[in-house]
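Add chain B to chain A, keeping to what the hints say.
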Amino acid sequence: MRRNPRDLQRYSASERANHWVVGICFILLALSGLAFFHPAFFPLTQLFGGGPWTRILHPYIGVVMMLFFIMMFFRFWRLNVMEQRDVEWLKNVNKMIDGNDHDMPEQGKYNGGQKVLFWGLVLGMLALTASGVAMWRAWLNLPVDMVRIASVVHAVAAVWMIGLIIMHVYAAIWTRGTIRAMLYGTVTRAWAKQHHRGWYRKMTGDNS
Amino acid sequence: MSLQSLDIKRLSATTTPAPQARTPQSGDVAKLIDVSKCIGCKACQTACMEWNDLRQEPGVNHGVYDNPNDLTENAWTVMRYTEYDNEATGNLEWLIRKDGCMHCEDPGCLKACPSPGAIVQYTNGIVDFHQEKCVGCGYCVTGCPFNVPRISKKDSKAYKCTLCSDRVAVGQEPACVKTCPTGAIMFGTKKSMKDHADERIADLKERGFAQAGLYDPAGVGGTHVMYVLHHADQPSLYQGLPTDPKVSAAVRLWKGVSKPLAMAALGAAALGGLFHYITKGPNDVSKELEDEMERQDREAEKETQP
Numbered sequence: 001m002r003r004n005p006r007d008l009q010r011y012s013a014s015e016r017a018n019h020w021v022v023g024i025c026f027i028l029l030a031l032s033g034l035a036f037f038h039p040a041f042f043p044l045t046q047l048f049g050g051g052p053w054t055r056i057l058h059p060y061i062g063v064v065m066m067l068f069f070i071m072m073f074f075r076f077w078r079l080n081v082m083e084q085r086d087v088e089w090l091k092n093v094n095k096m097i098d099g100n101d102h103d104m105p106e107q108g109k110y111n112g113g114q115k116v117l118f119w120g121l122v123l124g125m126l127a128l129t130a131s132g133v134a135m136w137r138a139w140l141n142l143p144v145d146m147v148r149i150a151s152v153v154h155a156v157a158a159v160w161m162i163g164l165i166i167m168h169v170y171a172a173i174w175t176r177g178t179i180r181a182m183l184y185g186t187v188t189r190a191w192a193k194q195h196h197r198g199w200y201r202k203m204t205g206d207n208s
Numbered sequence: 209m210s211l212q213s214l215d216i217k218r219l220s221a222t223t224t225p226a227p228q229a230r231t232p233q234s235g236d237v238a239k240l241i242d243v244s245k246c247i248g249c250k251a252c253q254t255a256c257m258e259w260n261d262l263r264q265e266p267g268v269n270h271g272v273y274d275n276p277n278d279l280t281e282n283a284w285t286v287m288r289y290t291e292y293d294n295e296a297t298g299n300l301e302w303l304i305r306k307d308g309c310m311h312c313e314d315p316g317c318l319k320a321c322p323s324p325g326a327i328v329q330y331t332n333g334i335v336d337f338h339q340e341k342c343v344g345c346g347y348c349v350t351g352c353p354f355n356v357p358r359i360s361k362k363d364s365k366a367y368k369c370t371l372c373s374d375r376v377a378v379g380q381e382p383a384c385v386k387t388c389p390t391g392a393i394m395f396g397t398k399k400s401m402k403d404h405a406d407e408r409i410a411d412l413k414e415r416g417f418a419q420a421g422l423y424d425p426a427g428v429g430g431t432h433v434m435y436v437l438h439h440a441d442q443p444s445l446y447q448g449l450p451t452d453p454k455v456s457a458a459v460r461l462w463k464g465v466s467k468p469l470a471m472a473a474l475g476a477a478a479l480g481g482l483f484h485y486i487t488k489g490p491n492d493v494s495k496e497l498e499d500e501m502e503r504q505d506r507e508a509e510k511e512t513q514p
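Same order as they appear, the protein sequences are chains A and B.
Each residue of the first sequence is one higher than the last, beginning at 1 in our numbering.
Each residue of the second sequence is one higher than the last, beginning at 209 in our numbering.
Just chain A, with the same shape it has in the complex (with noise of 0.2 Å):
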């Protein structure tokens, strides 16, 4: 949707589908996984259909996930490698959470702080892929000392994950206007001026 004719597409519909099969795999492994983490979290179990059923789901949820995250990787990494200009903007990050974003260097389509969540979720998805396969026992079983080691893993594997993707719905929240991206594609140039100036002047010829 495009509320203003001159508003700028920022994912493609495909991008965003793919971003939300991930978000929605994403949930439900969170819930899921809590409910095996922690005592406390064990109720969540009754989202799934109990106890076995949660057991039965969360590793092939799990898979779908890693699935749309490797296409999610492929379409999104060149944009997130780090340039000498995201190293200036993470050395002001603490301006930015200050919440004084004015002196901040000009930013791309994403930022520093994007580039290094995108890393880092790389890095997370990874170790839990492995870990949760090591893990599986309805198809696999590996040297008990392998399974202690990925259920380590695993756990801080999930929790650096949790931890990253609060920061990412928070970002998206705290900043007004970003939402909308990844659910109808565009944002107004006001924002991509704001935000991403690098992005906007690429995307409009503008250089005001």
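Misleading hints may appear alongside valid ones.
Stated by the list, open to error - The calculated DSBU-like cross-link candidates involving lysine-lysine, where the alpha carbons are at most 30 Å apart (straight line), are: (1) B:K495 - A:K91; (2) B:K495 - A:K202; (3) B:K488 - A:K91; (4) B:K488 - A:K109.
Said to hold, decoys possible - A short, non-exhaustive set of chain A residues, derived as facing chain B with CB atoms under 7 Å: (5) F36; (6) F42; (7) P43; (8) P52; (9) R55; (10) G99; (11) I149; (12) S151; (13) A155; (14) I162; (15) T175; (16) G177; (17) A190.
Note that these hints are calculated values from the structure, not bench results.
The model shown is predicted, which means the values in this text are computed figures rather than measured ones.
For every residue, glycine included, the Cβ atom is placed at its ideal position computed from N, Cα and C.
Frame of chain A; chain B shown alone:
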């Protein structure tokens, strides 16, 4: 399934204390397996199958007497035979160990289990699986330092020796104890079993087994199934009985400090976001930029509609 006649001391995945008022005044129980008196007849395996209505499909012979070759969801106890060539004495020793759940005082399976009440420890020390609450994740297998629990291929539930908790609850000894023809398996309070073991060990030492001793490993808080071994200094001789079993450090980390730490970290992240929003306000597009874009919009409109 929880037996009303046996009080529960500890429940898996439960952070509050179990009812504490009733405790066995005569102390906790133990099974003592005197390996030096075992003749390898497998009557204990048969009695276990009979009492628990278990039938393991006959397997294939792998050149040893062990049959089945390993514990299974249908074989909660297995005799493990070792032919040990004792170089010090020149004797060939036939070491036969009855394998099965050790009923640890500090059970790794219970620690690892994510399902509240699927694994319980009774006040008498018996560790029991309640299959109706089992989700089939196999964490008990990951937690166990003795490689005991088995997940059934049929129903994906975990099974192991119950120490005949149903029999013990009504004042009977476990089926294997009842049937053992040589008295190699005994059952009683842990204290009386230790006292009896002391006598047996003294006897064995007199007969030339200088290293005879009791296997009641401290690393898991002691066990409610104990062995009298002729070679207590080398438990691994008995088909890999662990020398110093402990709940693995990885499992303790995973099921211990990581849980509160992770909850605190994630809670702090979520609350941090909320309070950041409240204190700093949203990161909005500036009025100036919005006005600028509106101006551009109007100009563009004029161009298309002269």
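Fill in: Hints breached by this structure
Going through the list in order, the structure violates hint 7 alone and respects the others.
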